[in-house]
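Engineer: Using the sequences and the hints, build the whole thing.
2 protein chains.
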Amino acid sequence: MMNNQQYPSLLLQKAVNEMSRLPGIGSKTALRLVLHMLRQDVVEVDSLAQSITELRHGVRYCQVCHNICDSEHCSICSSPNRDRSMVCVVENVQDVMAIENTQQYKGLYHVLGGIISPMDGIGPADLEIQSLVERVEAGGIKEVILALSPTMEGDTTNFYIYRKIRDTGVRVTVIARGVAQNDELQYTDEVTLGRALVGRTLFG
Amino acid sequence: MMNNQQYPSLLLQKAVNEMSRLPGIGSKTALRLVLHMLRQDVVEVDSLAQSITELRHGVRYCQVCHNICDSEHCSICSSPNRDRSMVCVVENVQDVMAIENTQQYKGLYHVLGGIISPMDGIGPADLEIQSLVERVEAGGIKEVILALSPTMEGDTTNFYIYRKIRDTGVRVTVIARGVAQNDELQYTDEVTLGRALVGRTLFG
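Residue numbers (the numbering used here), protein chains in the order written: chain H, 25 to 228; chain X, 25 to 228.
It cannot be assumed that every hint is accurate.
[As the list claims (entries may be wrong)] Covered stretches of chain H (in silico footprint by chain X; criterion: 3 or more residues with CB under 8 angstroms from a CB of chain X, positions within the stretch not fixed):
#, stretch
1, 32-46
2, 76-82
3, 118-126
4, 150-162
5, 182-194
[As the list claims (entries may be wrong)] In silico lysine-lysine, BS3-like type, Cα no more than 30 angstroms apart, as pairs:
#, chain 1, residue 1, chain 2, residue 2
6, X, 188, H, 38
7, H, 38, X, 52
8, H, 166, H, 188
[Claimed, not checked] So these bits of chain X aren't anywhere near chain H, every CB distance computed over 12 angstroms:
#, residue
9, 71
10, 80
11, 100
12, 122
13, 131
14, 176
15, 186
16, 202
17, 206
18, 218
Because the hints were derived from the structure by calculation, they are not lab data.
Where a beta carbon is used, it is the ideal one built from N, C-alpha and C, also for glycine.
Structural biologist: In structure tokens:
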């Protein structure tokens with residue numbers, strides 16, 4: 025790999041080092057990005073740096089669903105057009121965006137901020153699970169949809185949440201698992217295919 | 025692709041848009057990087073933004089070789105240990121770093137800042153060719169090593185430079201082309217292999 029001492033400029037070296045601390049950005053990519061910035065107008069580079077600083081200092085999290093937002097409540101929680109009786113539990117902000125993109129869901133969300141993962145030292149107390157329980161106990165919610173990753177950690181978290189809220193009488197559902205659209209059956213892994221058979225639904 | 029309107033925060037959307045203007049960074053990668061920054065300490069994110077701003081405002085180019093540097097002359101041009109009679113002509117800063125990493129070269133450099141490429145609208149006047157000619161004419165340089173890309177554009181630029189400086193009597197050389205170390209012969213392209221045969225050297 026490239027030796028740090030061979031950067032021709034300390035400013036360059038510092039910027040490359042900072043950029044290469046981002047996930048998935050190695051020192052060669054960081055150098056390429058930084059040299060690209062040097063060819064851009066000062067205004068553009070300042071705008072990039074400013075947008076990062078402003079985001080980090082100005083970002084807020086919705087007090088209800090913990091989604092990222094610019095004010096006290098996110099646009100989904102404060103929208104009059106959403107069904108307030110349904111709450112979809114997701115791991116992170118990207119999942120909210122992915123579900124919103126389907127345009128198939130008109131309820132509210134609850135962003136856990138992660139998933140129970142003993143291997144990574146993440147327990148229930150590190151996640152927004154207690155605030156979910158309180159939301160459900162406060163009443164008005166009829167259905168909680170669990171939309172976590174179809175993994176061991178997702179299953180664990182699903183079960184933990186279920187146990188916490190089943191006594192409230194709320195309906196707890198989980199998103200369907202099965203073969204993905206346009207996947208070829210012969211290349212589908214056996215666990216997925218097995219579950220798809222067990223979980224078959226009436227046709228038509 | 026993701027619709028801009030679905031970002032839950034304007035600050036987030038702005039930062040993602042800015043990041044995704046960098047080469048090779050799509051909107052999904054930009055979102056991943058930006059959400060990573062949100063999980064970092066404010067100090068670290070400020071440090072990243074500051075390093076970019078400081079680089080863009082503070083960067084200088086060596087008045088002799090046009091390499092990136094922090095002062096009037098780069099560390100190579102101002103080093104007493106370099107052979108001032110040799111100048112290696114390269115396309116960009118990364119090429120200087122790559123050659124320095126070989127530890128096989130103790131002369132000076134001349135960074136063109138690009139390569140002649142009519143398709144991209146880059147002509148000789150857009151590059152540091154005139155300043156190279158002036159360096160050579162000023163005397164003291166015995167050899168100019170052309171180390172541009174082994175492409176049509178590189179060949180064109182090599183030939184242009186050669187015509188400009190051949191009358192000064194300076195020795196003009198070009199880095200060797202042939203089969204790359206550890207490449208398998210059967211997978212080497214025919215142009216490279218053909219040139220390697222034509223350009224064969226005495227063994228031992």
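Engineer: Indicate, hint by hint, whether the structure satisfies it.
Structural biologist: Against the structure, the hints come out as follows:
| no. | hint | result |
| --- | --- | --- |
| 1 | 32-46 | holds (count 12) |
| 2 | 76-82 | holds (count 7) |
| 3 | 118-126 | holds (count 5) |
| 4 | 150-162 | violated (count 0) |
| 5 | 182-194 | violated (count 0) |
| 6 | X:188 / H:38 | violated, 38 angstroms |
| 7 | H:38 / X:52 | holds, 26 angstroms |
| 8 | H:166 / H:188 | holds, 15 angstroms |
| 9 | 71 | violated, 6 angstroms |
| 10 | 80 | violated, 4 angstroms |
| 11 | 100 | violated, 7 angstroms |
| 12 | 122 | violated, 9 angstroms |
| 13 | 131 | holds, 15 angstroms |
| 14 | 176 | holds, 23 angstroms |
| 15 | 186 | holds, 27 angstroms |
| 16 | 202 | holds, 25 angstroms |
| 17 | 206 | holds, 18 angstroms |
| 18 | 218 | holds, 31 angstroms |
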